[in-house]
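Colleague: Based on the provided sequences and hints, a complete structural model is requested.
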Amino acid sequence: MKTRTPPGAEVDSGRRAAMKLAGGGLAVAFLWTAGLGPAVAQMNPRRQPTDEAAAAADGNPPFAPNAFIRIDADGSVRLVMPSAEMGQAIYTGISMMLAEELGVGLDQIKVEHSIPSDALYGIALLGGGQITGGSTSTRGQWQSLREAGAVAREMLIAAAAAQWHVDPASCSVSRATITHVPSGRTLGFGAVAEAAGKLPQPAKVTLKDPKDFTVIGKPLRRVDSPDKVNGGTQFGIDVKVPGMKYAAVRTSPELAGTLGSVDDTKARAMAGVVDVIKLDNAVAVVGEHYWAAYRGLEALDIEWRHGVNEHLDTATLIAALQESSRNGPALIGRKPKGEAAAGGKAVEMTFVTPMLAHAPMEPLNATVHVTPGKCEIWTGTQVPTRAQKEAARICGIPLEAVTVNNQYLGGGFGRRLETDQVEQAVAFAKQVSYPLKVIWSREEDIRHDRVRPLYFDRISATLGDDGKPTSWKHRITSGTVLGRWLPAAMGKDGMDSDAIESAADLPYDMDNVLVEWVRHEMPPGLVVGWWRGVGPTHNLFIVESFIDHLAQTAGKDPLAYRRSLMKAGSRPLGVLNLAAEKIGWGSQPLPARVGRGIAVASPFGSHVCAIVEVEVTAQGEVRLRRAVVAVDVGIAINPSSVQAQVQGGLLFGLSAALFNGITLKDGMIEQSNFHNYRSLRINETPAIEVFTVNSSESPGGLGEVGTAIAAPALANAIFAATSVRLTELPVTRTSLAASAEALKHVADNGTGKGDVA
Amino acid sequence: MKRFLVVVVLLLVIGTVAYFVLNRKDPAAGTSPLIVGAPTNADPVARGEYLARAADCIACHTVPETGKPFAGGLPFKLPFGTIYSSNITADVETGIGAWSDDDFVRAVREGVRKDGKHLYPAFPYTAYTQLSRADVLAIKAYLFTLPKVRQPERPNDLGFPFNQRWAMGFWNAAFFRSQRFENDPSRTPQWNAGAYLAGPLGHCAECHTPRNLGFGLKHSQALAGAELQGWRAWNITSNETHGIGKWSDEALTQYLRTGHADGHASAMGPMGEAVAHSLQFLKPEDTAALVTWLRTVPAREGTDPVVVDPAPKAVVASNAAAPGGDVDGENADGKRLFEGACASCHQWNGVGQQTPYAGLAGTRGVNDPKGANVTQAILHGVTMRIGDTDVYMPAFGHGYSDPEVAALANFVIGHFGGKQGEVTAADVAKRRDL
Amino acid sequence: MVTLRVNGEDRQADVPPDMPLLWVLRDVIGLTGTKFGCGIAQCGACTVHIDGQPIRSCQMPVSAVGNRAVTTIEAIGLTPEGAKVQQAWLAVDVVQCGYCQSGQIMSAAALLARTPNPTDRDIDTAMAGNICRCGTYVRIREAIKQAATGQPQGLQVVVDGSAA
Ligand code: FES
Ligand code: FES
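Protein chains in written order, with our numbering: chain A, 1 to 757; chain B, 1 to 434; chain C, 1 to 164.
Restraint-style ranges between C-beta atoms, simulated for each label pair:
id, chain 1, residue 1, chain 2, residue 2, range
1, C, 69, B, 390, 20 to 30 Å
2, C, 117, A, 211, 42 to 52 Å
3, B, 325, A, 568, 50 to 60 Å
4, B, 296, A, 271, 42 to 52 Å
5, A, 263, B, 93, 16 to 26 Å
No lab work stands behind these hints, which were simulated from the structure alone.
Note that the Cβ used here is the ideal one computed from N, Cα and C, for glycine as well.
Modeller: As structure tokens, this is what we get:
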């Protein structure tokens, strides 16, 4: 993969090597450790010692050449998915990589969830864990999965060739059938599975030349679509286990508060209520069905104990961040090269970006059955091995005694990179003998989210006579997700490379860039987590808003200004030009209070430019009119998925930028459900056109690209429409009113101009 | 506000003589008519419980989330400051545990605390004054059987001169008369029961009667509708156009017992509380008595009459699942918000689904061009428990901006009331703080 | 004990009268295709049909259903609109995580049943009560148009995945 670090940028060598390999994104941090630290587990296309257990779990198929492919005697092809499917179409992408080399059609395969195993399914990009996140799945498996398919293919061919006594090189494979080309004889996979399973594994295999791809590059239907349109897909929340009971749970609404006393007299008297069980900070009512449990929970008289956060609120947190930004020790993420030219025009801005909840459509849940010495879990998780490890710890049993049955995820967005809901369910289930399905209400889900960190940014630049920056300084202040989640991946100096991702590595050709990060510890109980788009989502809002501001300060067109700072022929310039051309930038004048905003960047090993067009009414309401996104993701494995991910990702980011911010009062999260933590609806959604640059580069990350680029494009469009530069999110809409007077009138906010009646 | 000061000053001038004359206490113990749910021969604690419900003590003396009934502390935001209700559990130090019967009777009927200080008439002693001593003491007996809660009084947040409790003596002199309920022998016992339930106990007038400049009740407009804490309490006189003259007895009964009458209204805000905490617990006979009495309230137009459009164009043109009749492009923002967050419960024809409480067509709320209650409901939502059912509407204030709430309210008024809504973003901003 | 008519079959359930239809369907009858997303009628994940009308089952007390016919995602394919919608959903590959899609499809099928040729505005109006956190809205619009017109809309996915 190509690095997009500008030449000469001073990034320490370990980090730079990592970027070269991974192409940036969340993975940078992990790979940096992986590269320097002890060897980490990672997927192997060939059979491993640990494979035996995995194959056994799959019913010992006659042919199981590696951890991913199972071929039964009847010829059915089952593919085992190392990653978790949460909507990003990774089951389809993985199947396509395997199927391409294996020689089967996507309609001929069945997909299966994998057992938890770092040894078999670990992603090197993420430190060797079996983790689905950071848009690493495709990038991390591109090589090994195709190779896994090829290994299987060669073994199947070898078995057939042996049966026919012919040269394997004279055989070909297509649609799960091996053909001896000269004679036209054929054998199905099932017929040779047994024999192939006994053959030695090939030491070397040859991967297809991309020009021969028959699966990769086609807009194929997702492998999980058919069941998702008839209600047949089983998500974690749908799991049914014999004898199972349901639990509704309430955790201390004050973060890090604890459970005092509970009067459960009324609850226990209710029909259908089975039990009331407690933890240090939570209480659950168990019922014959969720409704009984929920009503029982409502009937509890709970007294909570205050913890350290009794008086915590958002304003206090922001003030503390600002203080750290002024005085905290700053770590250097990118050093300026050489001396900045003297003089010039100084420009400075500060930004506050809010905490965010994930609110995946499927509220958090886990079903757990603890029996003596054993624990079995059914849940949808992005981190099955972590769930397994935590369960083993809580139950005090060995890892192997914990079974994790992963399920389809009703949305992840980073929330299911955490195991808190599983841990809680295990702790509750330990207290009862039956299988227990714990479901968080939407209110619990939002009030106990592990939120995207709050950030305070100070950014400044000096502009030379030509309007271009002669120096650039960016200081980011925030809590750290990485520092808790994978501390080993923190830099030697304590740097959190997620915090500076897409801030240190800019698509612009500048020498004098200083990027710093100040670590600010969040109060206990305010746990920050990965949120779709991770570091880049935050940093791109700052960087691309600021670039836009510099263009305006320099009196330049935002498109022309960006172009003037980019290297000719660079991939980010490619997407910038493509998006600008498709929307017809500057081709005709826009109506009053309508504006277009550009944002361009290279997050997650891909390149993306979004141009958003908005109308802002006289009263400050923002209407999305149109969006054009150009992406360069290298080889687009499934163009249909690329389009869908970019559209969906963009909407996820726009929704948050327009509406969302988690706020705290008295140590509690104030938002609770979709009425006060809004989500963009279809009637607020603009037309979104997605254009892809043809490329033969290795695939980049995709799932978070659209999200990361959304907010700055929106903010810049709002600026173009109103001349109001947003330095805080979500969009504070009353600040966009044409005048204070406008708010005192009944708006005729009809079709057109949003004039005041 | 200035005018109120003028009234206070004027009263000072009228002098102390008048003060004492007007502040004299009615010494009569008083009697009550037969209340079916609380017969005089019943156990005083059981009677007290029923009467306390009928008088809706709990609504004001409990902060809902705390789970500490009757411990007080609920804020009342009044135009001149905020006052907090008191702890009326039997806790000796912070409640009324040390109060004698006479102390309690004096507080309830005269608005004077044990320590001799005046209460503010947010506590409706102006209505309770008509209660019989036996009834007041039954309530006390009931309160004293409840768990004592230690919860110190929250100091009021009032500026001068409103923080001068003694000055309430002048207010009383002007607007309060100590007197007992008197049976009207020309009426049926049922009517008298209704009058007692609506007056001394239920204190309907406290919300439904407009107030004069000095915050006394405007008796000439009794029950003709008023606004308080941002909510409109509707005209409940028998006026056929603006009041409830056209409602059937069944509709009135349904409303009082459940907080909802098909095609007429769903209770919310303070009235929702009244139904949830008080009215739904009345015995059917007592509800019937209330209805009998309500029927005889003289028709009055009130100061800000609302005319319900029985068949607005858009409602007629819509079906449950699809809108019709809206002028294309008019208030597109309001419509967009409605179709996203509201239509799945309220439906386009205003009938309401999942719960009848979501019915909007025919209500006075959506026919009020100023949209007071519509805006309040959007901002603050509705939560009440009626019988076994939770009636719930989310509070959208936090997630939606002022112009959005205004646009939505105006759409609702236009679509379901057939009227031009007048809600502005600035109105909404003000209401957020109510 | 209530008797419900679900997908053409009579089902008995011994549940409290105020129990929302959603939980009766999911936890008692065992039809888990209908989803729980918010519980307050804001997301539409729980949408089912009662006598053909889309309703939010999370807010519908089971006692209020009466003898009306309940149709869920598991059986919507047996109606002509439901079948068309499901086919179109596959043709443009609408789903992502899929969790909201039962509700989306129920709303879309109800729309087509009452408005066979919906305009863009009709589609937005009818579908605005269904939240999709994955952001599949653009394709939902395309799929509904395709279901209505029978004409391909947007990017058509290849169905069988076979090699040329
Ligand atoms: S779960 Fe019923 S609308 Fe969200
Ligand atoms: S597909 Fe995931 S929420 Fe709609």
